[in-house]
Amino acid sequence: VNFYHGGSCMGGHRDDLEHAMDAPVISFSLGLPAIFLLGGLTRGEPPCPVLVRSGDVMVLGGPSRLRYHGVPRVLQGVSIPGHIQQGQNDSWHCEDDILQKYLSEHRINVNVRP
Numbered sequence: 001v002n003f004y005h006g007g008s009c010m011g012g013h014r015d016d017l018e019h020a021m022d023a024p025v026i027s028f029s030l031g032l033p034a035i036f037l038l039g040g041l042t043r044g045e046p047p048c049p050v051l052v053r054s055g056d057v058m059v060l061g062g063p064s065r066l067r068y069h070g071v072p073r074v075l076q077g078v079s080i081p082g083h084i085q086q087g088q089n090d091s092w093h094c095e096d097d098i099l100q101k102y103l104s105e106h107r108i109n110v111n112v113r114p
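With full-length UniProt numbering, letter number 5 in the sequence shown gets 5, and the count goes up by one each step, no holes.
Think of the hints as simulated: they come from the structure by calculation, not from any bench. Note that beta-carbon positions come from the ideal geometry of N, C-alpha and C, so glycine has one too. Take these hints with a grain of salt, some might be off.
Unchecked claim - Each pair of labels, with its calculated beta carbon distance range:
no.: 1; residue 1: Glu-105; residue 2: Phe-28; range: 27 to 35 Å
no.: 2; residue 1: Ser-64; residue 2: Phe-3; range: 36 to 44 Å
no.: 3; residue 1: Cys-94; residue 2: Pro-114; range: 19 to 27 Å
no.: 4; residue 1: Ala-20; residue 2: Val-110; range: 12 to 20 Å
no.: 5; residue 1: Asp-97; residue 2: Gly-44; range: 20 to 28 Å
no.: 6; residue 1: Ile-108; residue 2: His-13; range: 27 to 35 Å
no.: 7; residue 1: Arg-113; residue 2: Thr-42; range: 19 to 27 Å
no.: 8; residue 1: Asn-111; residue 2: Pro-63; range: 13 to 21 Å
no.: 9; residue 1: Lys-101; residue 2: Glu-18; range: 29 to 37 Å
no.: 10; residue 1: Glu-95; residue 2: Leu-51; range: 25 to 33 Å
no.: 11; residue 1: Cys-94; residue 2: Gly-12; range: 18 to 26 Å
no.: 12; residue 1: Ile-98; residue 2: Gly-44; range: 22 to 30 Å
no.: 13; residue 1: His-13; residue 2: Val-59; range: 14 to 22 Å
no.: 14; residue 1: Pro-49; residue 2: Cys-94; range: 33 to 41 Å
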């Protein structure tokens, strides 16, 4: 699990120290949107930018597991989706407000390696 505040980043890197590289990585994004860069097998290859938003799921499998990747910027001042902003149950109103405030200022990225 990675926690980011608005404006933060994660430098370009490869996940090359894992024992099982044949399994995909499934990545879930919550909160602030971010720019995700997926590069090549070397730092010399230009990366492809992808906008990841709250609720997005990305799967990196096969050869993409060894590609350089990073998050050069978490975007601040962008509203989160309405389905996160509006709770369905009044008994959760206080918790919804706390969650909404946190996700409007932070990004959470959950990576699962099955």
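When the structure is checked against the list of hints, which entries are broken? Sort them ascending. Structure breaks hints 1, 2, 3, 5, 6, 11 and 12.
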